[in-house]
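Construct the complete structure from the given sequences, taking the supplied hints into account.
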Amino acid sequence: MSHQSDLIATDINAYLKQHESKQLLRFITCGSVDDGKSTLIGRLLYDSKMIYEDQLSQLEAESKLVGTTGGKFDPALLTDGLKAEREQGITIDVAYRYFSTPKRKFIIADTPGHEQYTRNMATGASTADLAVILIDARHGVLTQTRRHSFIVSLLGIRHVIVAVNKMDLVDFDEARYNEICDEYRSFAMRLDLPDLHFIPISALDGDNVVDRSEKAPWYSGSTLMNFLETVYIGSDRNLQDFRMPVQYVNRPNLDFRGFCGSIASGIVRPGEEIMVLPSRQTSKVKEIVTFDGPMEEAFAPLSITLTLEDEIDASRGDMIVRPGNLPRSRDQIEAMLVWMDAESMVPGKTYLFKHTSQTQPGTIESLKYQVDVNTLHRNPAPELGLNEIGRVSISLNAPIHFDAYRRNRSTGAFIVVDRITNATVAAGMILDLSLIHI
Numbered sequence: 000m001s002h003q004s005d006l007i008a009t010d011i012n013a014y015l016k017q018h019e020s021k022q023l024l025r026f027i028t029c030g031s032v033d034d035g036k037s038t039l040i041g042r043l044l045y046d047s048k049m050i051y052e053d054q055l056s057q058l059e060a061e062s063k064l065v066g067t068t069g070g071k072f073d074p075a076l077l078t079d080g081l082k083a084e085r086e087q088g089i090t091i092d093v094a095y096r097y098f099s100t101p102k103r104k105f106i107i108a109d110t111p112g113h114e115q116y117t118r119n120m121a122t123g124a125s126t127a128d129l130a131v132i133l134i135d136a137r138h139g140v141l142t143q144t145r146r147h148s149f150i151v152s153l154l155g156i157r158h159v160i161v162a163v164n165k166m167d168l169v170d171f172d173e174a175r176y177n178e179i180c181d182e183y184r185s186f187a188m189r190l191d192l193p194d195l196h197f198i199p200i201s202a203l204d205g206d207n208v209v210d211r212s213e214k215a216p217w218y219s220g221s222t223l224m225n226f227l228e229t230v231y232i233g234s235d236r237n238l239q240d241f242r243m244p245v246q247y248v249n250r251p252n253l254d255f256r257g258f259c260g261s262i263a264s265g266i267v268r269p270g271e272e273i274m275v276l277p278s279r280q281t282s283k284v285k286e287i288v289t290f291d292g293p294m295e296e297a298f299a300p301l302s303i304t305l306t307l308e309d310e311i312d313a314s315r316g317d318m319i320v321r322p323g324n325l326p327r328s329r330d331q332i333e334a335m336l337v338w339m340d341a342e343s344m345v346p347g348k349t350y351l352f353k354h355t356s357q358t359q360p361g362t363i364e365s366l367k368y369q370v371d372v373n374t375l376h377r378n379p380a381p382e383l384g385l386n387e388i389g390r391v392s393i394s395l396n397a398p399i400h401f402d403a404y405r406r407n408r409s410t411g412a413f414i415v416v417d418r419i420t421n422a423t424v425a426a427g428m429i430l431d432l433s434l435i436h437i
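FYI, numbering that gives the first Met the number 0 numbers position 48 of the sequence shown as 47, with every residue one higher than the one before it.
Some hints could be false.
[Unchecked claim] Calculated cross-link-like contacts (lysine-lysine; reagent style BS3-like; alpha-carbon spacing at most 30 Å):
#: 1; residue 1: Lys367; residue 2: Lys348
#: 2; residue 1: Lys283; residue 2: Lys353
#: 3; residue 1: Lys21; residue 2: Lys104
#: 4; residue 1: Lys102; residue 2: Lys21
#: 5; residue 1: Lys102; residue 2: Lys214
#: 6; residue 1: Lys353; residue 2: Lys367
[Stated by the list, open to error] What follows is a set of in silico ranges between Cβ atoms, one per label pair, in the way DEER data are often shown:
#: 7; residue 1: Thr374; residue 2: Lys102; range: 39 to 45 Å
#: 8; residue 1: Arg329; residue 2: Thr374; range: 31 to 37 Å
#: 9; residue 1: Phe298; residue 2: Phe186; range: 35 to 41 Å
#: 10; residue 1: Gly292; residue 2: Ile419; range: 42 to 48 Å
The hints are simulated quantities; they were obtained by calculation from the structure and are not laboratory data.
Even for Gly, the Cβ is constructed at its ideal location relative to N, Cα and C.
Laid out in structure tokens, this is it:
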């Protein structure tokens, strides 16, 4: 399962081109405390031969000092790099790791399981295509399992693997595995998890992680690595609604004026008609300029520069779209909010709302309800505290151009910033009022 290839020795340029063309999958590991998230990532990196020999020797030595496996090799130390993490045997901050196989490249976010670090988990999940939710086979579905599953659903992650870990500690009991799967399914029925799968594993010993385990002959499904390599994510990206927030106007000389930005969604080609919001001026794309030269087609999430056939005014914060496919433009929005600050949310207080390349002052007019992530019940509450989630009504000083988060994660998301401390205090997902089911 190594990323190594015979091309490295024979044709390094061909190898680099092959490696560059591999599809990238971003995924997170989440779940309750001590469910084995860091251990699983360490095992994936170890079995895919992505650990250097000197690093492996150091990990083996540290496993005897601070490991939690009785002196044996502890894969969790590969991601738990903070001193406090190693002392307590827990994950505190999000740790990102990269590895590749012959089929795909991967970026993993190891997210913390403690309730007090829920905001860190939400941060790691915000860019993920897939979530691996771990459940300790001894304990079953816990409060944090439900909390993280709700956040995964809220953040629009479509592909979810429920990895029932530590099956070796229950002797790979099929009845126990089925009991946990049934319990999780009954809870997940109320969430939006369209692609849900279950795998029995032992992260510490590697059972069903990369190689199929003989200890569970009753399981005939895919291994975790095989699923990660083959899951189809091509249809997850929105290639219909062209949205490009303008980040910078490039004017190096009198003969060139280009609008720079990252394509949030959709596809654009030279000759196509575009509209700039909020001015609603129209023009056609003259050229798509990049560092490597002009392109005949560009799509999300590429960073490009557009030159137009007409001299129209646009600046940072504007959005380039297609005339027949416009986002909504309003100064009043409804959103789900994950509160990330120790100081509670204050309805009526003025905050800064950063949406795409635009930052607008505004207020959280009201808190409609707070969500109990254990029962998914809506509870009335005067405010949101640290790590709490609720639905809010927001009033902005000027309109923003947005899509519902379920349709477009890039133009449907925003962050809330405290004007005094400049701290990010919340992350928000704009709701489609016609399709609310949360």
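Quick rundown of the hints versus the structure:
1. Lys367 x Lys348: Judged against 30 Å, a Cα distance of about 16 Å means the pair holds.
2. Lys283 x Lys353: holds (29 Å)
3. Lys21 x Lys104: Holds, at about 6 Å.
4. Lys102 x Lys21: holds (7 Å)
5. Lys102 x Lys214: holds (27 Å)
6. Lys353 x Lys367: The hint holds at about 22 Å.
7. Thr374 x Lys102: 39 to 45 Å: Holds - the Cβ-Cβ distance for threonine 374 and lysine 102, about 40 Å, lies within 39 to 45 Å.
8. Arg329 x Thr374: 31 to 37 Å: With a Cβ separation near 32 Å, arginine 329 and threonine 374 satisfy 31 to 37 Å, so the hint holds.
9. Phe298 x Phe186: 35 to 41 Å: holds (36 Å)
10. Gly292 x Ile419: 42 to 48 Å: Given about 46 Å between the Cβ atoms, the range holds.
Checked against the numbered hints above, the structure breaks none of them.
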